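Student: Chains A and B supply the protein sequences, listed in that same order.
Take the first sequence: its letter number 115 is residue 114 in numbering that gives the first Met the number 0, and every next letter is one higher.
Take the second sequence: its letter number 100 is residue 99 in numbering that gives the first Met the number 0, and every next letter is one higher.
Watch out, some of these pointers could steer you wrong.
[As the list claims (entries may be wrong)] Far from chain A by the CB rule (all over 12 Å, computed), these chain B residues:
| no. | residue |
| --- | --- |
| 1 | Leu51 |
| 2 | Leu126 |
| 3 | Ala145 |
| 4 | Val204 |
[What the hints assert, rightly or not] Example chain B residues on the side facing chain A (calculated, C-beta under 7 Å, incomplete):
| no. | residue |
| --- | --- |
| 5 | Ala47 |
| 6 | Thr140 |
| 7 | Trp141 |
| 8 | Val153 |
| 9 | Pro154 |
| 10 | Ser159 |
Just so you know, these hints were derived from the structure itself, not from any lab.
None of these values were measured; they are calculated from a predicted model.
Don't be surprised by glycine CBs; every beta carbon is placed ideally from N, CA and C.
If you want the building blocks of each chain, they are given just below.
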Amino acid sequence: MSGVAQAASPSLWRATLGVLAKDFLIEWRGRARVNATVFFAMMTLFVFSFAVGPDGNVLARNAGGYLWLAILLASVLALGESFRVEAENNALEGLRLLPISPRALFLGKALANTVLLFALGLLLAPIAVGLYGAALAGSAWHGLGVLALGCAAISAPGTVYAAIAAQARARDVLLPLLLFPVLIPALVGAVKATALVLEGDPMGQLGSWIVLLAAFDVMYWAIGLALFGRVIEE
Amino acid sequence: MRRALRLGLPAATLVALALGSALGLAYVPEERHMGEVYRIMFVHVPAAWIALLAFTVTFVASLVYLFKSSYTADALAEASAHVGVFFGALLIVLGAIWGKPTWGVWWTWDPRLTTAAIMLFAFAGYLALRRFVDEPERRATWSAVAGVIIFVDVPVVWFSVRWWGGLHQIQSSKETVGAMMAMALWVNAVAFLLFYLWMLRLRFVVAHRRLRDELAEPPALDDTGA
Chain A
0 MSGVAQAASP SLWRATLGVL AKDFLIEWRG RARVNATVFF AMMTLFVFSF AVGPDGNVLA
60 RNAGGYLWLA ILLASVLALG ESFRVEAENN ALEGLRLLPI SPRALFLGKA LANTVLLFAL
120 GLLLAPIAVG LYGAALAGSA WHGLGVLALG CAAISAPGTV YAAIAAQARA RDVLLPLLLF
180 PVLIPALVGA VKATALVLEG DPMGQLGSWI VLLAAFDVMY WAIGLALFGR VIEE
Chain B
0 MRRALRLGLP AATLVALALG SALGLAYVPE ERHMGEVYRI MFVHVPAAWI ALLAFTVTFV
60 ASLVYLFKSS YTADALAEAS AHVGVFFGAL LIVLGAIWGK PTWGVWWTWD PRLTTAAIML
120 FAFAGYLALR RFVDEPERRA TWSAVAGVII FVDVPVVWFS VRWWGGLHQI QSSKETVGAM
180 MAMALWVNAV AFLLFYLWML RLRFVVAHRR LRDELAEPPA LDDTGA
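All chains, please: the whole structure from these sequences, using the hints.
Tutor: This is the structure in structure tokens:
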């Protein structure tokens with residue numbers, strides 16, 4: 000931020016972009032961590048095959064489900080990491096002292112997590128399709144839309160809970176314990192929608208699952224905006 | 000008043016539970032289709048009602064805490080979540096015991112069943128969160144936020160699971176339940192409600208005393224360590 004006198008508190012939009020840029024910078028400087036998360040997610044995709052056995056049909060039919068489980072498991076690591084770096088060295092204290100609204104902090108953090116998970120999903124989707132022998136019958140654009148909505152759905156409650164868990168004891172077990180039950184409807188919606196994109200949608204059901212995902216997103220992004228300030232207040 | 004609650008509530012609960020069990024097990028006739036096994040309804044359905052009530056109380060108390068920062072609301076939210084998790088677990092176990100002879104399976108992915116299980120897990124997480132935060136104000140704020148996040152999820156979970164594909168009988172109404180059965184059901188519901196209030200009161204007292212200790216002035220440091 001240039002010039003304290005010039006703008007005492009920047010607009011919500013600019014502050015959000017500032018937080019987002021800061022988070023991307025941290026991710027870039029610590030790209031070894033991001034890489035490790037990506038490899039972890041790929042390995043989960045690989046490991047699911049062994050739980051099911053080498054039956055190609057079963058694997059292909061469940062490709063969407065495995066893809067989302069891999070993203071979900073990796074999201075716990077990514078979300079936890081995004082607040083562990085703030086909890087270390089009391090960086091959160093610094094964020095609190097910034098003359099910006101906590102809503103900008105929430106938006107910046109949640110957007111950063113959404114983008115990170117989206118990028119992860121982009122990497123994993125072709126691997127899942129290839130590894131499980133699934134075909135892409137629907138439109139890739141629909142697939143991208145579902146991926147974006149699903150990642151946003153994980154990130155909104157995930158950001159709130161990660162901020163809480165990072166400051167609590169037993170944070171590694173606490174985050175998934177809090178997050179997974181809440182995410183079930185988003186997971187159901189994302190898996191169903193992904194399966195429809197992969198296998199084709201003769202009954203035209205994709206729309207209603209996308210509406211469900213979007214409704215989940217609207218609800219939890221609104222709750223995050225409203226309550227995040229209470230979560231990080233001193 | 001306090002004394003009346005402390006002694007009267009357990010006494011009333013035990014009498015109501017005994018009466019409800021007698022009605023449900025002996026007085027009410029056998030059901031035409033399910034035979035004797037349907038009698039589990041008299042505990043299963045009230046358990047569902049009370050679990051829902053308990054989680055609703057936690058939600059409302061969480062909202063009150065977020066607006067008023069009242070530690071009484073915080074203690075109430077904690078107490079009700081504890082009792083709600085108990086009734087939720089009871090509900091699912093009873094449902095599984097009922098499901099096996101009538102549907103042939105212990106578990107099915109029915110919306111109400113699945114929603115109940117997810118609520119149970121979510122509130123177990125809520126209780127874990129409370130255990131892992133020592134500072135009272137943070138614990139109260141964070142768990143209130145979690146209480147809101149979990150509760151608003153309930154209708155979404157329900158719809159998503161219903162669309163996802165679902166054997167649970169439709170909700171009973173007066174037409175489907177005989178008058179005698181309805182009476183036995185209501186007596187049991189009142190008994191469970193009293194049981195809830197009794198447990199809620201005990202849990203509330205525990206939470207409140209713990210808060211009082213935590214918020215009390217720390218004792219002055221003695222000079223042995225210095």
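Student: Against each hint, give a clear statement of whether it holds in the structure.
Tutor: Hint-by-hint comparison with the structure:
no.	hint	verdict
1	Leu51	holds, 16 Å
2	Leu126	violated, 10 Å
3	Ala145	violated, 6 Å
4	Val204	holds, 25 Å
5	Ala47	violated, 18 Å
6	Thr140	holds, 5 Å
7	Trp141	holds, 5 Å
8	Val153	violated, 10 Å
9	Pro154	violated, 9 Å
10	Ser159	holds, 4 Å
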